[in-house]
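In order, the protein sequences belong to chains A and B.
Take 3 as the starting number for the first sequence in my numbering and just add one per residue.
Take 3 as the starting number for the second sequence in my numbering and just add one per residue.
To be clear, the hints were calculated from the coordinates, so they are not data collected in a lab.
Each hint should be verified, as a subset may be incorrect.
If chains are identical, the list can't say which one is meant, so a pair holds when it fits in one copy or spans any two.
Said to hold, decoys possible - Taking lysine to aspartate or glutamate and the DMTMM-like style, the derived pairs with C-alpha atoms no more than 20 Å apart in a straight line are:
#, residue 1, residue 2
1, Lys153, Glu132
2, Lys80, Glu107
3, Lys32, Glu69
4, Lys32, Asp72
5, Lys32, Asp325
6, Lys154, Asp293
7, Lys268, Asp84
8, Lys80, Asp274
9, Lys268, Asp49
10, Lys268, Asp325
11, Lys80, Asp203
Since this is a predicted model, take the numbers as computed values, not measurements.
Number of protein chains: 2
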Amino acid sequence: MPIPFTQLVNTLPATTPFVGPETLERQRGKPFRARIGANESVFGMSDAALQAMQQAVAGSAWYADPENYDLRQALAQKHGVDIDEICVDAGIDTLLGLTVRMLLEHNGKAVTSHGAYPTFNYHVAGFGAELVTVPFQGFHEDPDALIETTKKVNAPLVYLSNPDNPMGTWHSADVIQSMIDAVPENSILALDEAYIEFAVDDIAPAIDTSNPRVIRFRTFSKAYGMAGQRIAYAIAHQDIIQGFNKIRNHFGINRIAQIGALASVKDGGFLDTVTQAAESGRQRVMNFASDLGLYAEPSSTNFVAVDLESTERAQAMITKLADLDVFMRMPGVAPLNRCVRVGLGSDAEFDLFATAFKQAL
Amino acid sequence: MPIPFTQLVNTLPATTPFVGPETLERQRGKPFRARIGANESVFGMSDAALQAMQQAVAGSAWYADPENYDLRQALAQKHGVDIDEICVDAGIDTLLGLTVRMLLEHNGKAVTSHGAYPTFNYHVAGFGAELVTVPFQGFHEDPDALIETTKKVNAPLVYLSNPDNPMGTWHSADVIQSMIDAVPENSILALDEAYIEFAVDDIAPAIDTSNPRVIRFRTFSKAYGMAGQRIAYAIAHQDIIQGFNKIRNHFGINRIAQIGALASVKDGGFLDTVTQAAESGRQRVMNFASDLGLYAEPSSTNFVAVDLESTERAQAMITKLADLDVFMRMPGVAPLNRCVRVGLGSDAEFDLFATAFKQAL
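Take the sequences, apply the hints, and build the full model.
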């Protein structure tokens, strides 16, 4: 008896955007000793958030406020926007899914860079839309090409991450602002700024919610150190936020995450510490690569792409590192996949990585 | 500049399935003193879960296992099914959304009872499908009518909750089994058993995952006391689970929720305590109503519908209770909306409710 799936679901492949480290550990039959492959933060959470969440666990019987009112109010204040210009949901992944669903008809087109964040692609496929890709320019996403293609194929949605995942590269605020200004009238730019707080330079253009051509995505998963809590937000024109509200899962937010995120936002100094720690961490990886005569791409994230000059070497390195109990990932497509992506870890994790990496080389 | 929403999103209303108590509190300008309107459990969590989650908060930097492997394994063992016959996601709401998306084409039909769980209807509308309703039979959902209509309109999806929300009523395992057996070949029954662990009697038919005509939904939000954690699961034929896996948000689960749910499942005796406490709590409400000469509908959930004999009286009661700091809800449509839904609360909440209710009468 066949299942009465939709035509679309029948045609979807049974793939997932990422394989989790736990899956690999089950396959290996033993845990990793360094987990530096999933872009998780090693710099901890705000103490205030940690304490607020530990206390909040006892109140797990209650649903979270479906309006995320207090959190949105704090975020609105932080970003100088109105509370109705913010939508909170369970991670940028969830928000990207809603964005695709909200803007793309079946067979509608979305533009992204070939090799950019795969979960965006997963949602585009999952809602029956069509992905159009443009190549990276070297190790950078190419704003001009993205806009040009968006116009050419008349795509309602174009995606760019700044800083970029999986390469850690970035564009200046001016370049991004020019891109925003160039988004055509029937399109919207999904500007994924998941890693923005790791950047030392101010690479985020001013937030202007009067412009309905861009959605800014921010998260508590990265610099805030709360990936496991699943909470993020979109900042956009209020008409776009109203669109999210028509389709989002209103009771989808974890109450403890909501409380922790609020405490994080209110802990103003925390992010500065993280930004500095990330900069030191990146420098350590850059120096390490340089000492080995390898090129490492400057990064504004919590990982550094190290160029091994061929896919075969990069793949062999990932395998060998896993054998030596180091979980790391690499970009999926050419020309990015000549690199491995070194996540910033603790001192112990870095030492383990460094030893294993040198051994593998 | 209009937003390039899909045609569907343009036509969707800006409504939400429920207004949260926090929203009402903001409107009132003061908190409720009794929160017995959102079907949240007053019976607490498993101690093991509480402790596991408090400990787990410090590990919030890591994503949860996207396969939910350990949890699915424990659930598979509990229910005597295979691990590939279980899908975990962030609450039954999320799973219902996926179910609709997976089975209903645009303009496809879903059958439910008029006045049943509104979030199912929200998803049906949100994915552009059409809702076909059959009336309740008195205060009970009507399995025969649901099946008959499913056949008549050739609907791929039919929804029933057992026990029922918002009425607390239930059908025996035999009746539900007969309904499952009667699901036509091109249809699937979404059997929402969110409240099943509150039932004293064994009203859940045996789980048979070889039958691809039914999906059983279970949650940690109700008897497990973890609504704020947002974690639930579906049990179904593995082909259906594979469908979920094609479209679900693989990294959507909160890591702390995952850990807490696992600890809850392993704490075997906990649910028995809750079932008994719920039975006492229901009896207290039944007696209270009876003493006032009011009919209260026997319930297998953590709330009791008390019949005030007219919508006007029921609505006035909800308003008056709110004035007296008691948050309660009532069913939304006739003939159910002559009732108010009394959630089981603590002793203090019950006393507050009882005093306020008598005053309001």
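Structure-based check of all given hints:
1. Taking CA atoms no more than 20 Å apart as the test, Lys153 paired with Glu132 passes inside one copy only; the shortest distance there is 15 Å, against 35 Å between copies.
2. Within a single copy, Lys80 and Glu107 get their C-alpha atoms no closer than 34 Å, and across copies no closer than 41 Å, so neither meets the 20 Å cut-off.
3. Taking the closest pair of Cα atoms, Lys32 and Glu69 come within 20 Å of each other only across two copies (17 Å); inside a single copy the shortest separation is 42 Å, beyond that limit.
4. Taking identical chains as interchangeable, the C-alpha atoms of Lys32 and Asp72 lie at most 20 Å apart only when they sit on different chains, with a minimum of 15 Å there against 42 Å within one chain.
5. Taking CA atoms no more than 20 Å apart as the test, Lys32 paired with Asp325 passes inside one copy only; the shortest distance there is 10 Å, against 58 Å between copies.
6. Proximity of Lys154 to Asp293 under the C-alpha cut-off of 20 Å is found in neither arrangement, the shortest distances being 45 Å within a copy and 73 Å between copies.
7. In this homomeric assembly, Lys268 and Asp84 come within 20 Å of each other (Cα to Cα) only inside a single copy, at 17 Å, whereas the closest approach across copies is 45 Å.
8. In this homomeric assembly, Lys80 and Asp274 come within 20 Å of each other (Cα to Cα) only inside a single copy, at 14 Å, whereas the closest approach across copies is 47 Å.
9. For a Cα distance limit of 20 Å, the shortest separation of Lys268 from Asp49 inside one copy, 11 Å, qualifies, whereas the shortest one across copies, 31 Å, does not.
10. Within a single copy, Lys268 and Asp325 get their C-alpha atoms no closer than 42 Å, and across copies no closer than 33 Å, so neither meets the 20 Å cut-off.
11. Only within a single protomer do Lys80 and Asp203 lie at most 20 Å apart by alpha-carbon distance; the minimum there is 18 Å, versus 53 Å between protomers.
When the structure is compared with the earlier hints, violations turn up for hints 2, 6, 10 and for no others.
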